[in-house]
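**Student:** In order, the protein sequence lines correspond to chains A and R.
Note that full-length UniProt numbering gives residue 432 to position 432 of the first sequence, counting from 1, and the numbers run on in steps of one.
Note that full-length UniProt numbering gives residue 83 to position 83 of the second sequence, counting from 1, and the numbers run on in steps of one.
A few of these clues could be false.
[Unchecked claim] Facing chain A, according to a computed beta carbon distance under 8 Å, are these residues of chain R, among others:
1. Pro30
2. Ile34
3. Thr39
4. Leu95
5. Gly351
6. Val387
7. Lys413
Note that these hints are calculated values from the structure, not bench results.
Where is the CB? At the ideal position from N, CA and C, for every residue including glycine.
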Amino acid sequence: MTTNASTMTAKTATQNACKLCTPLGACLAFRGIEKCVPFLHGSQGCATYIRRYLISHYKEPIDIASSNFNEETAVFGGSHNLKLGLKNVTQQYKPQVIGIATTCLSETIGDDVPMILKDYKAIMGEADLPTMIFASTPSYTGSHIDGFHTAVRSAVQTFATGGAKKNMLNLFSGMISPADIRYLKEILKEFGMPFMLLPDYSQTLDGGPWGEYHRIPPGGTPTSAIADSGSAAASIEFGSTLEAKKSAAGYLEETFGVPRHSMPLPIGIKATDRFFALLEELTEKPMPEKYEDERRRLVDAYADGHKYVFGRKAILYGEEDLVISMAAFLREIGVVPVLCASGGKSGLMKKRMLELIPDLEELEIQVREGVDFVDIENEAKVLKPDFLIGNSKGFTMSRKNELQLIRIGFPIHDRFGGQRLHHLGYKGTQELFDRIVNTVIEYRQNSSPVGYTYI
Amino acid sequence: MKGKEVMDTQNISLLEGRQKQVYEKTAGAPEGDIACEKTSLSGSVSQRACVFCGSRVVLYPVADAIHIVHGPIGCAAYTWDIRGAVSSGPELHRLSFSSDLQEMDVIYGGEKKLYKSLIELIDQYQPKAAFIYSTCIIGLIGDDIDAVCKKVAKEKGIPVLPVHSEGFKGTKKDGYKAACNALMKLIGQGSTEGISKYSINILGEFNLAGEAWIIREYYEKMGIQVVATMTGDGRIDDIRRSHGASLNVVQCSGSMTTLAKEMEEKYGIPYIRVSYFGFEDMSKSLYDVAQHFPERPDIMEKAKEIVRDEIKQYYPEMQKFKAALTGKKAAIYVGGAFKTFSLIKALRTVGMSVVLAGSQTGNKQDYKNLKEMCDEGTVIVDDSNPVELSKFILEKEADLLIGGVKERPIAFKLGVAFCDHNHERKIPLAGFIGMYYFAKEVYESVMSPVWQFAPRKGGVK
Numbered sequence: 001m002t003t004n005a006s007t008m009t010a011k012t013a014t015q016n017a018c019k020l021c022t023p024l025g026a027c028l029a030f031r032g033i034e035k036c037v038p039f040l041h042g043s044q045g046c047a048t049y050i051r052r053y054l055i056s057h058y059k060e061p062i063d064i065a066s067s068n069f070n071e072e073t074a075v076f077g078g079s080h081n082l083k084l085g086l087k088n089v090t091q092q093y094k095p096q097v098i099g100i101a102t103t104c105l106s107e108t109i110g111d112d113v114p115m116i117l118k119d120y121k122a123i124m125g126e127a128d129l130p131t132m133i134f135a136s137t138p139s140y141t142g143s144h145i146d147g148f149h150t151a152v153r154s155a156v157q158t159f160a161t162g163g164a165k166k167n168m169l170n171l172f173s174g175m176i177s178p179a180d181i182r183y184l185k186e187i188l189k190e191f192g193m194p195f196m197l198l199p200d201y202s203q204t205l206d207g208g209p210w211g212e213y214h215r216i217p218p219g220g221t222p223t224s225a226i227a228d229s230g231s232a233a234a235s236i237e238f239g240s241t242l243e244a245k246k247s248a249a250g251y252l253e254e255t256f257g258v259p260r261h262s263m264p265l266p267i268g269i270k271a272t273d274r275f276f277a278l279l280e281e282l283t284e285k286p287m288p289e290k291y292e293d294e295r296r297r298l299v300d301a302y303a304d305g306h307k308y309v310f311g312r313k314a315i316l317y318g319e320e321d322l323v324i325s326m327a328a329f330l331r332e333i334g335v336v337p338v339l340c341a342s343g344g345k346s347g348l349m350k351k352r353m354l355e356l357i358p359d360l361e362e363l364e365i366q367v368r369e370g371v372d373f374v375d376i377e378n379e380a381k382v383l384k385p386d387f388l389i390g391n392s393k394g395f396t397m398s399r400k401n402e403l404q405l406i407r408i409g410f411p412i413h414d415r416f417g418g419q420r421l422h423h424l425g426y427k428g429t430q431e432l433f434d435r436i437v438n439t440v441i442e443y444r445q446n447s448s449p450v451g452y453t454y455i
Numbered sequence: 001m002k003g004k005e006v007m008d009t010q011n012i013s014l015l016e017g018r019q020k021q022v023y024e025k026t027a028g029a030p031e032g033d034i035a036c037e038k039t040s041l042s043g044s045v046s047q048r049a050c051v052f053c054g055s056r057v058v059l060y061p062v063a064d065a066i067h068i069v070h071g072p073i074g075c076a077a078y079t080w081d082i083r084g085a086v087s088s089g090p091e092l093h094r095l096s097f098s099s100d101l102q103e104m105d106v107i108y109g110g111e112k113k114l115y116k117s118l119i120e121l122i123d124q125y126q127p128k129a130a131f132i133y134s135t136c137i138i139g140l141i142g143d144d145i146d147a148v149c150k151k152v153a154k155e156k157g158i159p160v161l162p163v164h165s166e167g168f169k170g171t172k173k174d175g176y177k178a179a180c181n182a183l184m185k186l187i188g189q190g191s192t193e194g195i196s197k198y199s200i201n202i203l204g205e206f207n208l209a210g211e212a213w214i215i216r217e218y219y220e221k222m223g224i225q226v227v228a229t230m231t232g233d234g235r236i237d238d239i240r241r242s243h244g245a246s247l248n249v250v251q252c253s254g255s256m257t258t259l260a261k262e263m264e265e266k267y268g269i270p271y272i273r274v275s276y277f278g279f280e281d282m283s284k285s286l287y288d289v290a291q292h293f294p295e296r297p298d299i300m301e302k303a304k305e306i307v308r309d310e311i312k313q314y315y316p317e318m319q320k321f322k323a324a325l326t327g328k329k330a331a332i333y334v335g336g337a338f339k340t341f342s343l344i345k346a347l348r349t350v351g352m353s354v355v356l357a358g359s360q361t362g363n364k365q366d367y368k369n370l371k372e373m374c375d376e377g378t379v380i381v382d383d384s385n386p387v388e389l390s391k392f393i394l395e396k397e398a399d400l401l402i403g404g405v406k407e408r409p410i411a412f413k414l415g416v417a418f419c420d421h422n423h424e425r426k427i428p429l430a431g432f433i434g435m436y437y438f439a440k441e442v443y444e445s446v447m448s449p450v451w452q453f454a455p456r457k458g459g460v461k
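So that you can see chain R by itself, here it is in the shape it has in the complex:
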């Protein structure tokens, strides 16, 4: 065993150009907004990805379309079946297609190759539609993917949708917009026959580990028809007729608010923002939808019944988790800020406080809300990186980090428990049962005896 390592955590200083994106809620903290919604600082090892990532995340779960990444192989290879989005039927989304551009294609242009690839793949897989993602290099060499898509759509008689997701053209959020644009081209194309007045679309729910099915079942039990889920377990035909629904229920507001707004403008469909994480927010999501149909009090009655039954079912176990976890501290660093609000509430349900709350893509309002919501001493951070995250985790003595795959090893290296709340998760965390799974996972992670061996807990170095 070596001597005590020198802790140099205290010496970590924030990079110039990042200071305004970090805020600690203390008595003397300066007023004003947290800087956000800007591109990442060069060299800052941001946890964010790119425009392409934003588009891919949103459209990925559409299961009866083929998704073709136009560019060199990397972008397609790294997004092959990485999401936990599951399908109840076709599974075309789990395949990885690429035009795999080579040097000569880059010199002479990749349009012909893309055209050939498209024809070949459509013939082979007979999809309902095709999404064509343009990557960085396509933006540079100037391939006219719109023209290729148009041509192939005409020849094959299916929608072939260009997704302008060149990695460098903004942030992940711009990728969300590109995805919504592609979806908007589908919406309004199908018949709305047979759609009830008491109907919704579920937006910004990606069916990770079957979460969309859980949510859908609640609404259906309330007597609400779900026209389309976008894009979890998504189907092209459902999306095409989704303009027939009475209400859009948006969960991942960062990605899907654009679409909801456009649908409101074009088809007069109102939208509400909801969250399915934690008992509190899940219940509110059901009530908010029920409230939209005041002429049918039975819908609200049913919602109340669901909430009552579900919470009753999980309450005893939750109390057990709470007894063990009370007083423990959590750090949250996730993609969307709206998710952070739910997580703070959900963690409070099991007796935990939050010492760090951050996101990759929050906006001014999100951070304002976070400032209000968080306890004294909490650090709020936009577009963070491993060095900062580890600094705050250690300084604030967090017992748990909630994040995604890139954050996981940071926690484990430092001897801190970790819970995955990103797109890769294999256990559903949404809905009432999801809250139970979440609490269980938090309990099993935080209470594991393995942390006694971590150096920071006095374990062997």
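For reference, chain A alone in the conformation it holds in the complex:
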């Protein structure tokens, strides 16, 4: 069987990476905690580049403090800089929380951040200090998504307390768009059960105009809610490759016995059904009529549009969990995701995909972890897909090879409104489906000799 035969040759250098570094993910997660300032322990450039990168997608101010290492710091350790930095950022930003993430620099010199923080608290007196969350995020291990999950888990470890069970749910939704977060909150509200969603950057990274400069943008998951997460009735955690031992829900289950329900990102009808079924089970309430309607409309749209997409070939790339869930959705509508690629490297991607797409190998769908855009482009030349689905970083490849690119996920910095894109639930799936169908129609229309006006 020639399944998954690859044209990719083993190469050493990464050429146009399909991933970002660990601290970026941590900063993003910290931005979803109320009154929290992200703080990178390392060189100034790390904070600046990450700020610049996040700003290009979210189009919001994103202040990330840094301990600004210099040569002396690198030799003698970052303790002094970290303490001074924390003092300054506390004075200027008046945060309730500081989310501290390490970089490759501070990790390599072996700064013991928890010890430095202990020392800092002893000097400053704990009473008025912001709470400090610490995430170890050396950028030579994993990618941005690992940093994201590490920060979420650290936040829960810092705040969660046990105690009598409360009638509430935890939702760890992973690295999704602010629009998706808002939609999930709406769904949970309509089920009527109190909940804690972490991280919630739906407002902090997609908010309104300001009359003054908000040193910390309004919004974010309240720390009191994170504290309650240890006594919740259950946790739902999105992410096919996110293992319990690395996740926030895993920590809560192990430490406080909060049952962890892990599932793929709810994209597509089947996955969304599963999410709603879980909510029905946990809240003991039926799905609100509104979502029944959304689902009905989506099924109707699937029927209306099926001929445009059946058998079309797509190349899909991005974070592993997003790719896995998108692939399952594409199979629902008859598209073959001929290559499912990620710069991430959990080692679990193919296994998880086989669970959702049992005929993966018969369809000769390639699943690739740890690849870059040059790998993907080489493969695209052989596989000749009808379109690409992924973030903006595929633009160069799409332009060069005259392949249409449907932008999803992060980062989207060559289009407007990336932070407002829906991907999840019936509504998100509806929007994705419409875009895919329209992409195919537009291509046909443009290449048609008559340029038809009715479809």
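Chain A is fixed; fit chain R onto it per the hints.
**Tutor:** For chain R alone, kept in the frame of chain A given last:
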């Protein structure tokens, strides 16, 4: 609609350790220099980047070389094709290469991986040269990148140039130096045959949105040969023979003065500082070069003709912009301070005054000049941050902020117009036509009706 938000802008105090870097030009203001040229205060959320950034910015537009970032993936990922530097030919600079170090590489050293990466990339892309940027972690684990570069250069027969740009080893300015060092190794390696006596190198011009082409055309029209542009639309072979030029014309003086000085020392090539922003400075740049060749009065004649024709072409439109913009106030926060001088003049051309002028990397002389140049009430600031910038923008009631990507959302959040004057710009702002584009963009930004909805203008909160 909620009630009026409490303005806490007035309560923003400057951090201790930053006070000497901020100056307000008022009657009672203290004398003395503005503190500058020092590393950023820890925890101050500086808008600056690092040494690596400085090197990357300068060398980035060399289009027929490969640029390899030695370190974990972040530094390469965040600098993939982010500059507006365009090329008329090869486009190797728009790719992002990294040795993508993993934990084991950090423990056992990354030299072997770098070597393999280099060989592989050179074989695949056949570049004219390779620049190897060492990042923070390389400085720590002590990889001997010079040795690897030497070895690969010998094996592959192309220059393989180490760029010592470890992020923590100073400021962005030290990165400029590292970049100039790498360029200096190329200069003098090529033949100077066919180079006219009436020739220049254009230094510190990065061909953002094709600006180097605009400038180059002016000089060529004057009868001047342009040997190399460094590094906009840069080519290794041109750089190698650039020591054959008669004059170095330096725009971004912060980044390229080091190189100009070294070329003067080693090859006896004099240099002048110029700016291509605004009618006034652009014209002066042409005149200054013409003056360098007094034996050829035709060059000066041609320069005058260009200035006359160009300004005539854009004058009527400029008057329209000026009529609308007169009395509006601007805030400037850019990388290099020299750019600020030009921007102040350019803004005056369209009737605007400047209420805040700042830079990431200005030196004492720059700030002295700014103090003289600015109007009463102007705030001058070195190495600022979002909190300070927003405070001054609001206090001084600016209508426009000029800055880069990191400053843009600050302006927009506060309902203030914004104009990009950083490396990401997609519209050329240099040259006479650039001034027209600049004025047009300022006009379209400041006069947009969208600001009526901003809370500070009484819009809905």
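**Student:** If a hint holds in the structure, say so; if it does not, say that too.
**Tutor:** Here is what the structure says about each hint:
{"no.": "1", "hint": "Pro30", "result": "violated, 23 Å"}
{"no.": "2", "hint": "Ile34", "result": "violated, 20 Å"}
{"no.": "3", "hint": "Thr39", "result": "holds, 5 Å"}
{"no.": "4", "hint": "Leu95", "result": "holds, 6 Å"}
{"no.": "5", "hint": "Gly351", "result": "violated, 27 Å"}
{"no.": "6", "hint": "Val387", "result": "holds, 6 Å"}
{"no.": "7", "hint": "Lys413", "result": "holds, 5 Å"}
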